[in-house]
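Q: Chain residues, written in single-letter form:
Number of protein chains: 2
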Amino acid sequence: MSFQKLDELGRKLESLEHAISILGADEATHMAVGGGEKRAEAMSNLAGMYHAQATAPQIADWIESAKSEDLDDDQRRAVGEFERSYVNATCLPTEFVQRRTAATMRSEQLWRDLRPKGDWDSFLPALEGVIALVREEAALRSAATGLAAYDALMDQYDPGNRTADIDTVFADLKSFLKDFVPTALSVQERRLAQHPRKPLHGPYPIEKQRELGLAAMRAVGFDFTHGSLAVSHHPFCGGVPTDVRMTTRYRTDEFLTSLMGVLHETGHALYEQGLPKQWSHWPLGKARGMGMHESQSLFVEMQLARSPEFWEFMLPLVHQHMGDQAIPGWDIADVLNEVNFVERGYIRVDADEVTYPLHVILRYELEQDLVSGKLEASQIPEAWDAKMTEYLGISTINDPKDGPMQDVHWPGGAFGYFPSYTLGAMIAAQLSAAMQKDLPDMRDQIRQGDFTAINQWRADKVWNEASRYTTPELITRATGEPLNADYFKAHLKARYGG
Amino acid sequence: MSFQKLDELGRKLESLEHAISILGADEATHMAVGGGEKRAEAMSNLAGMYHAQATAPQIADWIESAKSEDLDDDQRRAVGEFERSYVNATCLPTEFVQRRTAATMRSEQLWRDLRPKGDWDSFLPALEGVIALVREEAALRSAATGLAAYDALMDQYDPGNRTADIDTVFADLKSFLKDFVPTALSVQERRLAQHPRKPLHGPYPIEKQRELGLAAMRAVGFDFTHGSLAVSHHPFCGGVPTDVRMTTRYRTDEFLTSLMGVLHETGHALYEQGLPKQWSHWPLGKARGMGMHESQSLFVEMQLARSPEFWEFMLPLVHQHMGDQAIPGWDIADVLNEVNFVERGYIRVDADEVTYPLHVILRYELEQDLVSGKLEASQIPEAWDAKMTEYLGISTINDPKDGPMQDVHWPGGAFGYFPSYTLGAMIAAQLSAAMQKDLPDMRDQIRQGDFTAINQWRADKVWNEASRYTTPELITRATGEPLNADYFKAHLKARYGG
Chain C
29 MSFQKLDELG RKLESLEHAI SILGADEATH MAVGGGEKRA EAMSNLAGMY
79 HAQATAPQIA DWIESAKSED LDDDQRRAVG EFERSYVNAT CLPTEFVQRR
129 TAATMRSEQL WRDLRPKGDW DSFLPALEGV IALVREEAAL RSAATGLAAY
179 DALMDQYDPG NRTADIDTVF ADLKSFLKDF VPTALSVQER RLAQHPRKPL
229 HGPYPIEKQR ELGLAAMRAV GFDFTHGSLA VSHHPFCGGV PTDVRMTTRY
279 RTDEFLTSLM GVLHETGHAL YEQGLPKQWS HWPLGKARGM GMHESQSLFV
329 EMQLARSPEF WEFMLPLVHQ HMGDQAIPGW DIADVLNEVN FVERGYIRVD
379 ADEVTYPLHV ILRYELEQDL VSGKLEASQI PEAWDAKMTE YLGISTINDP
429 KDGPMQDVHW PGGAFGYFPS YTLGAMIAAQ LSAAMQKDLP DMRDQIRQGD
479 FTAINQWRAD KVWNEASRYT TPELITRATG EPLNADYFKA HLKARYGG
Chain B
29 MSFQKLDELG RKLESLEHAI SILGADEATH MAVGGGEKRA EAMSNLAGMY
79 HAQATAPQIA DWIESAKSED LDDDQRRAVG EFERSYVNAT CLPTEFVQRR
129 TAATMRSEQL WRDLRPKGDW DSFLPALEGV IALVREEAAL RSAATGLAAY
179 DALMDQYDPG NRTADIDTVF ADLKSFLKDF VPTALSVQER RLAQHPRKPL
229 HGPYPIEKQR ELGLAAMRAV GFDFTHGSLA VSHHPFCGGV PTDVRMTTRY
279 RTDEFLTSLM GVLHETGHAL YEQGLPKQWS HWPLGKARGM GMHESQSLFV
329 EMQLARSPEF WEFMLPLVHQ HMGDQAIPGW DIADVLNEVN FVERGYIRVD
379 ADEVTYPLHV ILRYELEQDL VSGKLEASQI PEAWDAKMTE YLGISTINDP
429 KDGPMQDVHW PGGAFGYFPS YTLGAMIAAQ LSAAMQKDLP DMRDQIRQGD
479 FTAINQWRAD KVWNEASRYT TPELITRATG EPLNADYFKA HLKARYGG
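Note that the protein sequences, when read in sequence, are chains C and B.
First residue of the first sequence: 29, per the numbering used here; consecutive thereafter.
First residue of the second sequence: 29, per the numbering used here; consecutive thereafter.
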């Protein structure tokens, strides 16, 4: 039976993925510094074995013949997702993949060297090469999937996402934010005049911060029988669903950055831990995509952890773990002054939730033009600066380091990924609003630090659905309507609108 | 070129081994408790991929044709070792391997349940099954290698070891020890009467013990750019040569057990870290075998770390890391009273270096009879008791838990392994004596905690030789003579003979 063959292949692929994921997490947390070269060789060879097994020609026959077997609903969807994943894995010729991998590795390395110097001119030829390859890739993916070029790129990260839908939603959000950012800033200014930010009284010992982070993870539902928290330079949530490897990093002069980071990653972790175990070795059993994943981290970070209700139970935990003198005299408003501080800035990854979407929409718009050929790499600095000035009122024309050179995505050839960040923020807000209807006392539960019903709702609507549906289908099923910007706008107005 | 094909295959196998080794170390140190099932599935699938790739039929052709290629000395040896490894991997039919794996897994599981109860009768049928399979395996390996049955088993662990040689060496050692154990005990009694053992003043905080262990590792030459120390229930030295994962465990009422364990594992680690990097993906580049590996750990533990010279530099380190009140008033003789305490006991793993070989020789003798069919499993308790009584003067007839049920080796089907432990102790002593000739001020260097020349000698004579030679050849090349018991006997006499 062909379904059975796919099932067995899935188990082998899952084992290779398991190894690659754990080795990846281990590399960032526990590997000896001199172990990197052999580790890279091992990871690359394992990835090669994975690719060879995942793209074997007979799989196409198994998929075709499995379709006519007597399958239940889930099994049919599972074969469909297997096919989607197989098409994605096989639609690029090996020769092209090698060419692209070599070019993006060189370009990323060059970017690491040149970004600190802000040397755009030296970087430009490499980026031009990458963009030429991205256009080639988009054409190949478009041919294999029947999607438009940029849609074919996005579809890798969030299956079902189409510019036709996202353009509308982003246009709505952009026009809202252009007015709302100044509003939020002046509301904040008035509030801070009455209630100024308080200084922090560090140092905050790492061991205590770790205990606080663990307590926060436990509170929001992290399952420590299937995961752990370690330290790495760049925080991440990796590993496998049965053993989620989360990391954070600590600074001793303040503790809120690490704590909020831990809560963000816990959102990712809960999704992984909540995926349906019986499908773990099928594409169907994986998290739906990047936008949905980000919605789960941002749900915890933005919808829960930056709310006043959350801090009713969290503030005592801070006192308990960090000591009474850690933030002497602080009340919830003082914490919110810190964690919800809004600021126009150059850097996407440092942006708050109000300004962040404008950073993303800027990139989304430029990417589309770069892929279609309307824009060339050499024109990026001016186009970037024009949009930064229009959307956020700040200019980066003399500062490519903090302008178009700030992200690794383009040097790495990852076009079509940026929208996921803001889609995630919008999905989180829309989920939260839908949840509120089903759980009228949700805000009270947050106050009490009781996330049982909230997590059960998320498990039913998102986690356990895994990849049964496309991203847009999943959103509609969970919230009763297609993705739109209304709930996110309402969320921002409620929090920052005064 | 076939040599090149073997080289490429070697890189793939090394990557799978890398994954399996790191996943194995991770499992014992950092894995979430609920991650075990998927981890076991992943390890088993990776092992299956390794086996499939390592036993592919075309490899036999590559080996044959590589032999007639224009190769240098090392390359010829490398092909020879590849062949040895290929024959070992392919000489058992798949059907047999599956049958044996299933039987030994069941038997090990049963042993874990029944050993605490000392329920020999319930365990016997499983052990009988395992022994039947071991006889079958010995016959298969004998047919493939042309070796005698028990030699074929031993050859897996220490290539070149033959009962014809070991019988003689062990007979010599046994007859010496039967007299020497009582001597050492009465010498010890007289010494302790004059200089009694001192009590320890715990608790010893784990963090301080860890610092002391790290200092000891650093002192004897562990390279922390290629390895690390963690905690696990059963201490081990795992990982890969570029990233050696060592573990220990701590108790807070004393610190010497952990420290000596760390030094033992550091001996293993130095061997791995010292293997020739350019051959790491060939069988030639691996450590020679179990006896040689144990010789490296026992060299550090027994030849170095339990000597008075070693404690001249180590005692100040203890004071530095554990505090001046950790062992108040202790001098070197007090430490040696502890670490060189001799005792007749039931349990091999708890035995000191004087009585340990008798535990091993007992098993070696019984194993040969079990494999040849001279002895049946049902006769083990009486045979065991007779030898324990003869060699160590203690009876285990009413205590199978601490008698023939104490080790995992037989339940797991690992026959031919036990001799390696005592061969390791003898090799370590013989290496030490040879080294002393080349480095006349070796004892002074130990006093100063300077292991540079000692480690260089070991690197030249053992580590860098890797698997270029059989175990007996390697011993002769390193020490100028075949393995014999004289140096080990002299070592015991010098340390315990009064």
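Keep in mind that the hints are not guaranteed to be accurate.
Any copy will do: because identical chains look the same in the list, a pair fits if it lies in one copy or spans two.
Computed cross-link-like contacts, SDA-like style, restricted to lysine to any residue with a CA-CA straight-line distance of at most 25 Å [unchecked claim]:
1) Lys521 <-> Gln473
2) Lys33 <-> Glu65
3) Lys415 <-> Val377
4) Lys40 <-> Gln126
5) Lys402 <-> Asn73
6) Lys33 <-> Arg523
7) Lys521 <-> Glu404
8) Lys226 <-> Trp148
9) Lys415 <-> Pro500
10) Lys314 <-> Met71
11) Lys40 <-> Met133
12) Lys226 <-> Glu337
Worth flagging that the hints you see were computed from the coordinates, not collected in a lab.
Q: When no copy is specified for lysine 33 and arginine 523, does a C-alpha distance of 25 Å or less occur within a copy, between copies, both, or neither?
A: Classified as neither: same-chain Cα gap 52 Å, cross-chain 64 Å, threshold 25 Å.
Q: Evaluate lysine 40 and methionine 133 at a C-alpha cut-off of 25 Å and name the case that applies: within, between, both or neither.
A: Result: close only across copies, 22 Å inter versus 28 Å intra.
Q: Reference check for the pair lysine 226 and glutamate 337, CA-CA at most 25 Å: within, between, both, or neither?
A: within (20 Å within a copy, 60 Å between copies)
Q: Should lysine 40 paired with glutamine 126 be assigned to within, between, both, or neither, using CA atoms and 25 Å as the limit?
A: Both: 24 Å inside a copy, 18 Å across copies.
Q: For lysine 415 and valine 377, with the copy left unspecified, which applies at a CA distance of at most 25 Å: within, between, both, or neither?
A: within (18 Å within a copy, 72 Å between copies)
Q: Go through the copies and call it for lysine 402 and asparagine 73: within, between, both or neither, with a Cα cutoff of 25 Å.
A: neither (38 Å within a copy, 49 Å between copies)
Q: With 25 Å as the alpha-carbon cut-off, assign the pair lysine 314 and methionine 71 to within, between, both or neither.
A: both (21 Å within a copy, 21 Å between copies)
Q: Which holds for lysine 33 with glutamate 65 at a C-alpha limit of 25 Å: within a copy, between copies, both or neither?
A: Between copies, since 22 Å is at most 25 Å while 36 Å is not.
Q: Reference check for the pair lysine 521 and glutamate 404, CA-CA at most 25 Å: within, between, both, or neither?
A: Neither. Shortest intra-copy (37 Å) and inter-copy (83 Å) distances fail the 25 Å Cα cut-off.
Q: With 25 Å as the alpha-carbon cut-off, assign the pair lysine 521 and glutamine 473 to within, between, both or neither.
A: within (22 Å within a copy, 74 Å between copies)
Q: For lysine 415 vs proline 500, is the C-alpha pair at or below 25 Å within one copy, between two copies, both, or neither?
A: neither (28 Å within a copy, 75 Å between copies)
Q: Are the CA atoms of lysine 226 and tryptophan 148 at most 25 Å apart within a copy, between copies, both, or neither?
A: Classified as neither; 39 Å inside a copy, 71 Å across copies.
In summary, the structure is inconsistent with hints 5, 6, 7, 8 and 9 from the numbered list given earlier, while agreeing with the others.
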